[in-house]
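The listed protein sequences derive, respectively, from chains A and B. Residue numbering for the first sequence follows this note's numbering, beginning at 1 and increasing consecutively. Residue numbering for the second sequence follows this note's numbering, beginning at 1 and increasing consecutively.
Treat the hints with caution; some may be incorrect.
[Said to hold, decoys possible] Partner residues are not named here, just some residues of chain B that face chain A (Cβ under 8 Å, in silico):
| # | residue |
| --- | --- |
| 1 | Leu-11 |
| 2 | Leu-36 |
| 3 | Ala-47 |
[As the list claims (entries may be wrong)] A few chain A residues that don't get close to chain B, going by computed Cβ distances all over 10 Å:
| # | residue |
| --- | --- |
| 4 | Ala-14 |
| 5 | Ala-20 |
| 6 | Met-34 |
| 7 | Thr-83 |
| 8 | Gly-101 |
[To be verified] Simulated restraints, written as ranges between beta carbons of each label pair:
| # | chain 1 | residue 1 | chain 2 | residue 2 | range |
| --- | --- | --- | --- | --- | --- |
| 9 | A | Thr-32 | B | Ala-158 | 47 to 55 Å |
| 10 | A | Asp-70 | B | Gly-135 | 24 to 32 Å |
| 11 | B | Val-118 | A | Thr-47 | 45 to 53 Å |
| 12 | B | Leu-7 | A | Glu-33 | 18 to 26 Å |
| 13 | A | Thr-50 | B | Ser-113 | 17 to 25 Å |
| 14 | B | Leu-112 | A | Val-24 | 54 to 62 Å |
| 15 | B | Thr-155 | A | Leu-84 | 29 to 37 Å |
| 16 | B | Asp-136 | A | Arg-57 | 52 to 60 Å |
| 17 | B | Val-157 | A | Thr-50 | 33 to 41 Å |
| 18 | A | Thr-47 | B | Leu-7 | 21 to 29 Å |
| 19 | A | Val-3 | B | Gly-154 | 29 to 37 Å |
| 20 | B | His-116 | A | Ala-35 | 22 to 30 Å |
Quick caveat, the hints were computed from the structure, so don't treat them as lab data. Glycine residues also receive a C-beta, built at the ideal position from the N, C-alpha and C atoms.
Next come the chains, spelled out residue by residue.
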Amino acid sequence: MRVPVDIEMARCVACGHVDAITCVLCAKCLGTEMAAHAVPGRGRLATWTTIRRPPTRFCELAPYYVCVVDLDSGPRVTGRIDTLAGAKSGAPVMAVPCESGIRLFTLA
Amino acid sequence: MLTAKSLSGELVQTPVDILASAQTRGSPRIAGHPDLCSFEATVKAAALAYAAAGVTARDIDVVELHDCFSIAEIIDSEDLGLMSRGAGGAWAAEGRTGMGGDVVINPSGGLLSKGHPVGATGVGQIYEIVRQLRGDHPSQVQGARLGMTHNLGGTGVACTVTILGRSA
Ligand SMILES: [Zn+2]
Numbered sequence: 001m002r003v004p005v006d007i008e009m010a011r012c013v014a015c016g017h018v019d020a021i022t023c024v025l026c027a028k029c030l031g032t033e034m035a036a037h038a039v040p041g042r043g044r045l046a047t048w049t050t051i052r053r054p055p056t057r058f059c060e061l062a063p064y065y066v067c068v069v070d071l072d073s074g075p076r077v078t079g080r081i082d083t084l085a086g087a088k089s090g091a092p093v094m095a096v097p098c099e100s101g102i103r104l105f106t107l108a
Numbered sequence: 001m002l003t004a005k006s007l008s009g010e011l012v013q014t015p016v017d018i019l020a021s022a023q024t025r026g027s028p029r030i031a032g033h034p035d036l037c038s039f040e041a042t043v044k045a046a047a048l049a050y051a052a053a054g055v056t057a058r059d060i061d062v063v064e065l066h067d068c069f070s071i072a073e074i075i076d077s078e079d080l081g082l083m084s085r086g087a088g089g090a091w092a093a094e095g096r097t098g099m100g101g102d103v104v105i106n107p108s109g110g111l112l113s114k115g116h117p118v119g120a121t122g123v124g125q126i127y128e129i130v131r132q133l134r135g136d137h138p139s140q141v142q143g144a145r146l147g148m149t150h151n152l153g154g155t156g157v158a159c160t161v162t163i164l165g166r167s168a
């Protein structure tokens, strides 16, 4: 069985609020101490879109697929999905390693 | 020219009243929107603007809204309450948002047809509606008395809805 890579988030030291991106300020209590917080990269595909006209620096990659994933741990995140073959809303997905630092998902 | 209503009679020949202008915020991220078919900033701004102006969506004759992508007109028009939720696509397809329709949306052609020059887009929308309400627009909506502009920033992070009316 494949093991998903973790997804890096931020967690407020003061109130425990977990933010889906790494940030410096808590959206809930305005606390300024945010600690690194990793969650398992496992969730369900909410939706996706195909990028056919990318910005210049991603031209080589087109067409590529941007997705929205509802993680099993709660937060909703955006990322990319490697292929749309078999993709449907609600399908289980997992995060896989990606050298460019982008959250990359694949159908689990 | 922007002026107090008490001065507009002597300074402007065909004044247009600013009945309401409301600005709200929403999530700066796609993933921060629980409903991917709605921008809460638009829903809130529209409610505030209708209340301040004392009108409802049904009273609006012409709208310049933020159709930054083709899907955006459908989402925006439903969020503004111009038709019921889920009916935006059908209304556009059936011509109910075109000239002579139930509510005329983007007679200017909208953002996609003008290249969406970000900061200028909002001012352009006001210009369009003012000319419609003065009755001198080259693409005139007949009898337009009440107009609205809707401007959305980022991924729905900020929204401004303005309601303008032809001076009685
Ligand atoms: Zn906090």
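To see whether the hints hold, each was checked on the structure:
Nearest Cβ of chain A to the Cβ of B:Leu-11: about 45 Å, over the 8 Å cut. The hint is violated. The criterion of a C-beta within 8 Å of any C-beta in chain A is met by B:Leu-36, whose closest approach is roughly 6 Å, and the hint holds. At its closest, the beta carbon of B:Ala-47 sits 23 Å from a beta carbon of chain A; the interface hint therefore is violated under the 8 Å criterion. Taking the minimum C-beta to C-beta distance to chain B, about 21 Å, the non-interface status of A:Ala-14 holds against the 10 Å cut.
At roughly 6 Å from the closest C-beta of chain B, the C-beta of A:Ala-20 falls inside 10 Å, breaking its exclusion from the interface. The Cβ of A:Met-34 lies farther than 10 Å from every Cβ of chain B, with a closest approach of about 16 Å, so its non-interface assignment holds. Residue-level check passed: A:Thr-83 sits 21 Å from the nearest beta carbon of chain B, beyond 10 Å. With a least beta-carbon separation of about 17 Å from chain B, A:Gly-101 lies farther than 10 Å from that chain, consistent with its non-interface assignment.
Here the CB-CB span from A:Thr-32 to B:Ala-158 is close to 23 Å, at odds with the stated 47 to 55 Å. Hint check: A:Asp-70 to B:Gly-135, Cβ distance near 50 Å, so the stated range 24 to 32 Å is violated. Distance hint check for B:Val-118 and A:Thr-47: the Cβ-Cβ separation is about 26 Å, which falls outside the suggested range of 45 to 53 Å. Between B:Leu-7 and A:Glu-33 the CB atoms are about 53 Å apart, so this pair departs from the stated range of 18 to 26 Å.
Checking the proposed 17 to 25 Å range against A:Thr-50 and B:Ser-113 shows it holds: the Cβ atoms sit about 23 Å from each other. A hinted range of 54 to 62 Å for the beta carbons of B:Leu-112 and A:Val-24 is inconsistent with their spacing of about 36 Å. One distance hint, 29 to 37 Å for the beta-carbon pair B:Thr-155 and A:Leu-84, is violated here, with the actual separation near 22 Å. For B:Asp-136 and A:Arg-57, the Cβ-Cβ distance of about 46 Å falls outside the hinted range of 52 to 60 Å, so the restraint is violated.
Between B:Val-157 and A:Thr-50 the beta carbon distance is about 24 Å. The supplied range of 33 to 41 Å is therefore violated. A hinted range of 21 to 29 Å is violated for the C-beta pair A:Thr-47 and B:Leu-7, which are about 51 Å apart. Checking the proposed 29 to 37 Å range against A:Val-3 and B:Gly-154 shows it holds: the Cβ atoms sit about 35 Å from each other. At about 39 Å, the CB distance of B:His-116 to A:Ala-35 disagrees with the hint of 22 to 30 Å.
Hint check: violations occur at hints 1, 3, 5, 9, 10, 11, 12, 14, 15, 16, 17, 18, 20; the rest are consistent with the structure.
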